[in-house]
Amino acid sequence: MALIYVVEDDKNIQEIETIALKNSGYQVEVFGCAKDFWDEMEKQLPQLLLLDIMLPDTDGLSVLEKLRSQPSTRKLPIIMVTAKTTEIDKVKGLDMGADDYLAKPFGIMELISRVKALLRRTDEGQTEKVLSIGAVCLDEEKHKVTVRGENCELTYKEYELLKLLMMNAGIVTSREDILEKVWGTNFEGESRTLDMHIKTLRQKLGESGSMIKTVRNVGYIFDS
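Just add 1225 to the spot in the sequence shown (first one is 1) and you have this note's numbering.
Bear in mind the hints are in silico, worked out from the structure with no lab data behind them. Warning: the hint list may mix true and false statements.
[To be verified] Mimicking DSBU-like on lysine-lysine, the simulated pairs with C-alpha atoms at most 30 angstroms apart in a straight line are:
no.	residue 1	residue 2
1	K1438	K1406
2	K1382	K1291
3	K1247	K1236
Taking the hints into account, I'd like the entire structure generated from these sequences.
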C-alpha cells in the first residue's frame, strides 16, 4: 500500500483528496503548510507527493526545487496541484521536475487515474528494492529496516545514511560524499551531525552496528 503525502492548505480540497485516495487503498498524510511537510519528511519518505503551488508559508515551486536538488528525493514522484491554469505555470512546474500536473477543479477519477499511472511508471523503473547484509535488511519499497527479522525504527536521515553505506558495502565512503548525498552539503561544520547519526545508527542496529566501521581521517565503511 503506497504512502501518499498531500500538501494542501484548502480544507475542502484536503478532504476530497484524502477520501478519494483512501477509498482507492492508499495511505494518506495531509499537511497544511510546507513546514509540517518538511518535519515529517525527516521521519519518513512517501511513495508519491501531491503538492499545491499556493501554500501559506512558501511557494510550492520552491518546495519542488528543493526536493529535486536533494539526492534522497530527486526521483520522488510529484504531481503539482494548483488553481493556476495558464500554460506558462504548467510548463514551469514540469520544467522544474514535476512528473505530472493537475489543475483545480479536477475530477476524482482523473486524480486517481493520474496517481495510479505515475506509481505504475515508478514501479516499472525501480531496480533493486531490498538490500540485505548480515542480519540487516533494508527494504526500499516499504521504507523499512529489520535486524534479525525485528523492525528497526530509524529517522529519515539515519535511514538514508544506512542505505548509502549498504549500497557501497565493502567500499569506504568519505565523509564529504556522505554529507553531500545525505545532507546535500559538504560543509565541514556538519561533521559533528554526521558523527552523532553514526553513533545512534550503530546503537539502533545493536550487535550489527559493529559492521559500520570508522576509517580514520577518511570516512565510514559497511563491512560484514
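Right, here's what the structure says about each hint:
Between K1438 and K1406 the CA atoms are separated by roughly 19 angstroms; this keeps the pair inside 30 angstroms, and the hint holds. In summary, the hint linking K1382 to K1291 is supported, as the alpha carbons are separated by about 16 angstroms, within the 30 angstroms threshold. Restraint check: the Cα-Cα separation between K1247 and K1236 comes to about 16 angstroms, which is no more than 30 angstroms; the hinted pair holds.
The structure agrees with every numbered hint stated previously.
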